[in-house]
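The chain contents come next:
Protein chains: 2
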Amino acid sequence: MEINSAVVALAALAQETRLSVYRMLVEAGPDGLAAGRLADGLSVASASLSFHLKELLHAGLVRSRQDGRYVIYSANYEAMNALLGYLTENCCRGTTAACSPIACCGPAKP
Amino acid sequence: MEINSAVVALAALAQETRLSVYRMLVEAGPDGLAAGRLADGLSVASASLSFHLKELLHAGLVRSRQDGRYVIYSANYEAMNALLGYLTENCCRGTTAACSPIACCGPAKP
DNA sequence: TTTATATTTTGACTAATGTTGAAATATGGA
DNA sequence: TCCATATTTCAACATTAGTCAAAATATAAA
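Taken in order, these protein sequences are the chains called L and P.
Numbering-wise, the working numbering puts 104 at position 104 of the first sequence, and it's gapless, one number per residue.
Numbering-wise, the working numbering puts 14 at position 14 of the second sequence, and it's gapless, one number per residue.
Note that these hints are calculated values from the structure, not bench results.
Quick caveat, the model's predicted, so the values are computed rather than measured.
Treat the hints loosely; a few may be bogus.
One copy or two, either will do: identical chains are not told apart, so a pair holds if it fits within one copy or between any two.
To be verified - Under the rule of at most 20 Å between Cα atoms (straight-line distance), these lysine to any residue pairs were calculated in the SDA-like manner: (1) K54 / A14; (2) K54 / V7; (3) K54 / A11.
Given the sequences, and given the hints that come with them, work out the whole structure.
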């Protein structure tokens, strides 16, 4: 990942409403949630939510699909993995000494 | 880590100059770098750099210490670990299925 | 003590961000 | 077709972020 994509992704998550939206979408899993559900759950105006969803889409952190008259949003795990990878490289200095897998991902569950 | 601390840390990193500063400090290791060195390396005005360093300090991502007439900044790995932990929890949904240690930290090197 | 270097602070300014209500668009159902 | 619901777009506005030059502060060296 390039520094510019990292900055875009970080900026997308650096806002309470958007970070909460992302969390809700991760919890919801691959099925995702309709925009209206997100607005209800976070008690944020639909126009405001739409603005934030566009930011998350632009950063590639979420995907959207039309389902009837609903628009369903879902988390894009690959983008988050790419961001974590970028940050980890910049935290670990090429080793896992400074940033152990435990510290950053919890113990592996094989 | 609470959502508010996460947002502050993400916002601190969501800016090209600041992310570059952080990268330089991680590369520099525990000895850190003087503010002037950072300014030179990134060709940014000292006033501007000072502004950004304050943001990183406020987010707890870097530390500073006075050394003669220099102020030495260094990366605070614990804060980055905490942020990675927060993001990983919100990416992995409690398992390592969606966000494997490999994807996020590289293979463990025991 | 005086001078030079390093860093931070301040104030002015421009650009970007986030919120709101109203209007526009799209789809489903009566 | 007409109406209701879901979502997005728009314009206005307030707030925040970032940059710059100049001044202030702190320390080292002459």
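Do the hints match the structure? See the list:
Proximity of K54 and A14 under a CA criterion of 20 Å is satisfied in both settings, with 14 Å inside one chain copy and 17 Å between copies. Taking the shortest Cα distances, K54 and V7 sit within 20 Å of each other both inside one copy (16 Å) and across copies (18 Å). Taking CA atoms no more than 20 Å apart as the test, K54 paired with A11 passes in both settings, with 13 Å inside one copy and 18 Å between copies.
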